[in-house]
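Novice: Sequences are here, hints too, so could you generate the full structure?
Here is how the chains run, residue by residue.
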Amino acid sequence: MSLLMTTSQTVGPFSRIGLQWLYRDRLFADGTRGVARRVSGRILDGEGRGVDGATIELWQANPQGRYPSPLSSPCANSKLEGFGRIEASADGAFGFHTLKPGALGADQAPHMLVAVFARGLLRHLVTRMYFPDEGANDGDHVLGSLETGRRETLIARCGDDSPDHLLWDIVLQGPAETVFFDC
Amino acid sequence: MSKTAGFRRPMVGTQPDYLSPGYGSSRLRSPTRPLVLLLHRESETTGPLFGADLLGPSDSDLTGQHAGEPLGARILVSGRVLDENARPVVGALVELWQANSAGRYAHAGDSHEAPLDPNFTGCGRVLTDERGGYRFTTIRPGEYPWRNHYNAWRPAHIHFSVFGPAFATRLVTQMYFPGDPLLPWDPIFNCVPDEKARARLVAQFDWECTLPGRAMGYRFDIVLRGREATPLQPAAGGRS
Ligand SMILES: [Fe+3]
Numbered sequence: 002m003s004l005l006m007t008t009s010q011t012v013g014p015f016s017r018i019g020l021q022w023l024y025r026d027r028l029f030a031d032g033t034r035g036v037a038r039r040v041s042g043r044i045l046d047g048e049g050r051g052v053d054g055a056t057i058e059l060w061q062a063n064p065q066g067r068y069p070s071p072l073s074s075p076c077a078n079s080k081l082e083g084f085g086r087i088e089a090s091a092d093g094a095f096g097f098h099t100l101k102p103g104a105l106g107a108d109q110a111p112h113m114l115v116a117v118f119a120r121g122l123l124r125h126l127v128t129r130m131y132f133p134d135e136g137a138n139d140g141d142h143v144l145g146s147l148e149t150g151r152r153e154t155l156i157a158r159c160g161d162d163s164p165d166h167l168l169w170d171i172v173l174q175g176p177a178e179t180v181f182f183d184c
Numbered sequence: 003m004s005k006t007a008g009f010r011r012p013m014v015g016t017q018p019d020y021l022s023p024g025y026g027s028s029r030l031r032s033p034t035r036p037l038v039l040l041l042h043r044e045s046e047t048t049g050p051l052f053g054a055d056l057l058g059p060s061d062s063d064l065t066g067q068h069a070g071e072p073l074g075a076r077i078l079v080s081g082r083v084l085d086e087n088a089r090p091v092v093g094a095l096v097e098l099w100q101a102n103s104a105g106r107y108a109h110a111g112d113s114h115e116a117p118l119d120p121n122f123t124g125c126g127r128v129l130t131d132e133r134g135g136y137r138f139t140t141i142r143p144g145e146y147p148w149r150n151h152y153n154a155w156r157p158a159h160i161h162f163s164v165f166g167p168a169f170a171t172r173l174v175t176q177m178y179f180p181g182d183p184l185l186p187w188d189p190i191f192n193c194v195p196d197e198k199a200r201a202r203l204v205a206q207f208d209w210e211c212t213l214p215g216r217a218m219g220y221r222f223d224i225v226l227r228g229r230e231a232t233p234l235q236p237a238a239g240g241r242s
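Taken in sequence, the protein lines are chains A and B. In case it helps, our numbering puts the first sequence at residues 2 to 184. In case it helps, our numbering puts the second sequence at residues 3 to 242.
To be clear, the hints were calculated from the coordinates, so they are not data collected in a lab. By construction, the Cβ of each residue, glycine as well, lies at the ideal position given by its N, Cα and C atoms. Some hints here could point you the wrong way.
What the hints assert, rightly or not - Residues from chain A that face chain B, not an exhaustive set, calculated with beta carbons under 10 Å: (1) M2; (2) L5; (3) V52; (4) I87; (5) L123; (6) H142; (7) I156; (8) D183.
What the hints assert, rightly or not - What follows is a set of in silico ranges between Cβ atoms, one per label pair, in the way DEER data are often shown: (9) A:D139 to B:P36: 19 to 27 Å; (10) A:G32 to B:W209: 52 to 60 Å; (11) B:H114 to A:Y24: 21 to 29 Å; (12) A:D162 to B:S60: 42 to 50 Å; (13) B:M218 to A:D92: 39 to 47 Å; (14) A:G32 to B:D196: 35 to 43 Å.
Claimed, not checked - Some residues of chain B that are not near chain A, with every Cβ distance over 12 Å (derived): (15) N153; (16) P180; (17) R200; (18) C211.
Specialist: What follows is the structure in structure tokens.
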């Protein structure tokens, strides 16, 4: 038997009500060993204005390059490491703390999956964030499939203040538009 | 490395385009470049695991989260979370949020001049059971005006967010009520041309789940993407 997928609808402007209980801007428990990174950026619309009230979800492998394997569910104990959910402020600014994912295999550079939910988005947008100064980026099968100029929208920049600080903007529309995926 | 099956792309017509001119907020927020096809690897086929430890006793009863009873018509909303292969999605996190009976959200940004209800926050969450089933007790939400176009009113709706087995199955949608006269006028509900796809966003009155003298029941099933056929592998003994 086959069913058809439910039609996606926007989260609207008030998603904070329903999603806020699970906001977490630290993807790993304090004390977890790994390369710590603080990421900050803004979500911008087609006129360069900050997108207000957006929720961003993040998903990545742990510093050993592993994802949790689904157990028999429903499970008693949650496993949320590597998962983040954050809210952008009124001017579109967001930030989170994470550990760089470990090696994922020959043709995959360390990356995180990013989903954007906001008023105006009838379906959420899916993109990826990659890390700067990462040799494996050259061999990544996703980055390699993108044209120069667009590929760079997925790679965070180093902040000026500290090597731990990365900058990465999400541009929904326009010349600097971020690459979004049919995921 | 484990070879996990990816998920099927949604059928044409079931999902909205990003640019939907009737919905004003989509104009400056929709990408103009075509989406890049992403083959599913572990990043897409895995996801966080949500457990019972996250949930509190009144999380699925939006009428029982405060000292008093909220105003409005109490309703039960139940259904199943299934995938496109009609298999139950067990342990899915279902989150819900909505306006109160007067059409006002308990959100600082909601400027609609309708009363807040001190006994209603309008949010809840639950994990699906072994049959993929879920159930909420809540209040029928009110319609509310918005600024999308002249004299625009949103039909009564409940926002649903579902976390299935993988990041690739993530879904956020809205549930509507049967017979709502605002449905033909709403650009969000009408974002897909397929009438049947829209009809699936409308809950059905559910007499069997209606509590006599207490609460009308509505049924709303949610379908997540189905897995592609598993890559061929040696039979592990027995039929499956
Ligand atoms: Fe709404």
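Novice: Now, for every hint given, state plainly whether the structure supports it.
Specialist: A quick look at each hint next to the structure:
1. M2: 4 Å, holds
2. L5: Because about 5 Å separates L5 (chain A) from the closest Cβ in chain B, which is inside the 10 Å limit, the hint holds.
3. V52: 7 Å, holds
4. I87: 14 Å, violated
5. L123: 4 Å, holds
6. H142: H142 (chain A) check passes; min Cβ-Cβ to chain B is 8 Å, inside 10 Å.
7. I156: 15 Å, violated
8. D183: 4 Å, holds
9. A:D139 to B:P36: 19 to 27 Å: Holds, since D139 (chain A) and P36 (chain B) (Cβ atoms, about 25 Å apart) stay within the stated range.
10. A:G32 to B:W209: 52 to 60 Å: 54 Å, holds
11. B:H114 to A:Y24: 21 to 29 Å: Holds, at about 25 Å.
12. A:D162 to B:S60: 42 to 50 Å: Given a distance of about 44 Å, which is inside 42 to 50 Å, the answer is holds.
13. B:M218 to A:D92: 39 to 47 Å: Holds: the Cβ-Cβ distance is about 43 Å, inside 39 to 47 Å.
14. A:G32 to B:D196: 35 to 43 Å: Given range 35 to 43 Å: violated, Cβ gap about 50 Å.
15. N153: 19 Å, holds
16. P180: Holds, since 16 Å exceeds 12 Å.
17. R200: 7 Å, violated
18. C211: 20 Å, holds
The structure does not agree with the numbered hints 4, 7, 14 and 17 stated previously, though it agrees with the rest.
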